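Asks: Sequence:
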Amino acid sequence: MQSSSELFPVALIGAEFRFDLSEDVYRLKPGNSPDATVELALTRLGVAADRGRRGVPVILLHGSFSNRRFWYSPKGLGLGPYLARAGFDVWIAEMRGHGLSPRNKGYRHNRVSDYVRYDLPAIADFVHEQNPQAAHWIGHSLGGITLAGALGGHYLDQDRVASVALFGSQISRTYWPLKAPPVEWGGRFLLKRFSVLSGSRLKRGPEDEPIGLALESLRWHGLFGRFGDTERDWWAGLAEVRVPLLAVAAAGDRQDPPWACRKLLEQFGSPLSEFLCVGKENGFASDFGHVEMLVSKEAQLEVWPLVARWLDNTQDNVGQLKRAALERGPGVPPGQ
Numbered sequence: 001m002q003s004s005s006e007l008f009p010v011a012l013i014g015a016e017f018r019f020d021l022s023e024d025v026y027r028l029k030p031g032n033s034p035d036a037t038v039e040l041a042l043t044r045l046g047v048a049a050d051r052g053r054r055g056v057p058v059i060l061l062h063g064s065f066s067n068r069r070f071w072y073s074p075k076g077l078g079l080g081p082y083l084a085r086a087g088f089d090v091w092i093a094e095m096r097g098h099g100l101s102p103r104n105k106g107y108r109h110n111r112v113s114d115y116v117r118y119d120l121p122a123i124a125d126f127v128h129e130q131n132p133q134a135a136h137w138i139g140h141s142l143g144g145i146t147l148a149g150a151l152g153g154h155y156l157d158q159d160r161v162a163s164v165a166l167f168g169s170q171i172s173r174t175y176w177p178l179k180a181p182p183v184e185w186g187g188r189f190l191l192k193r194f195s196v197l198s199g200s201r202l203k204r205g206p207e208d209e210p211i212g213l214a215l216e217s218l219r220w221h222g223l224f225g226r227f228g229d230t231e232r233d234w235w236a237g238l239a240e241v242r243v244p245l246l247a248v249a250a251a252g253d254r255q256d257p258p259w260a261c262r263k264l265l266e267q268f269g270s271p272l273s274e275f276l277c278v279g280k281e282n283g284f285a286s287d288f289g290h291v292e293m294l295v296s297k298e299a300q301l302e303v304w305p306l307v308a309r310w311l312d313n314t315q316d317n318v319g320q321l322k323r324a325a326l327e328r329g330p331g332v333p334p335g336q
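Residue numbers (UniProt numbering): 1 to 336.
Hints were generated in silico from the structure; no laboratory data involved. Hints are not guaranteed to be accurate.
With a straight-line Cα cutoff of 20 Å, these simulated DMTMM-like cross-link-like pairs (lysine to aspartate or glutamate) come out [claimed, not checked]:
#1 K29 / E39
#2 K203 / E292
#3 K29 / D125
#4 K280 / E302
#5 K29 / E6
#6 K263 / D233
#7 K75 / D20
#8 K75 / D24
#9 K192 / D159
#10 K263 / E274
#11 K75 / E298
All figures in this text were calculated on a predicted structure; none of them were measured in a lab.
With the hints as extra help, turn the sequences into a complete structure.
Replies: Right, dumping it as structure tokens:
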């Protein structure tokens with residue numbers, strides 16, 4: 001693999017112009033996990049006319065049963081192109097076995113823990129090597145959960161994170177039957193008979209998910225489960241995270257309800273945070289759903305501009321927060 005990085009082998013597998021956009025696709029082979037066959041696809045979007053100029057990086061993480069097309073359609077539409085046209089340096093990651101990322105040897109055993117401990121840090125390091133500015137991170141659904149895990153487990157350097165935006169992401173919804181050990185054991189026994197969960201058969205999306213993710217979710221929601229891996233309690237670690245945080249929930253989302261998304265936000269220790277529920281009650285045209293909150297004509301008109309404004313304003317807000325902290329002096333909490 002020809003390398004375009006000094007960190008680990010990286011191949012530039014595509015460099016094209018798409019409409020008014022430049023699209024560079026990299027394949028990373030970090031070699032930092034027990035499975036040495038892991039390769040990750042990372043798409044970089046910019047405006048073709050400004051190819052030599054790079055703004056602040058924004059890293060987008062898709063949810064389950066999905067790939068980069070959630071953010072970037074073949075017609076050049078999506079939040080990714082929108083942010084690129086707004087002047088940001090946009091990077092779209094695809095998890096193991098999704099989209100342009102090939103399936104690794106141990107694909108069926110892949111877990112969020114692997115994404116958290118190995119893949120996100122590698123993506124962060126490569127993006128920082130290419131653009132040494134603190135990056136904004138945006139995650140939808142499982143992508144947001146993975147991002148929260150990487151922050152709560154302290155696998156991402158907070159000094160390199162400009163802000164975090166979580167869309168439809170939560171870990172607090174309770175599945176009471178799973179609290180009964182026989183039910184959890186039975187579910188685990190049945191799931192182990194499969195290697196993947198089919199997104200097309202389940203009508204959840206274009207991609208499959210490895211069975212390891214489902215088994216990990218059973219552990220999280222079991223009687224003595226916790227959001228974390230065998231080494232670290234990610235949920236407890238979130239209280240030590242200080243990066244600016246935006247959490248967005250959808251009023252019509254039955255999968256990840258607003259109350260649970262808010263609870264995830266409240267677990268963070270971020271002094272600068274904002275919660276938004278996109279629905280009629282808050283002045284939006286409709287009660288958005290889990291996917292429609294980011295992929296719909298209504299989202300293009302009402303949600304995407306809010307995201308761009310959040311990213312634009314974060315640097316100013318952080319500067320104001322730092323100045324206020326200096327004025328208060330050490331040991332004085334905000335608001336006093």
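Asks: Are any of the numbered hints broken by this structure? If so, which, sorted upward?
Replies: Going through the list in order, the structure violates hint 9 alone and respects the others.
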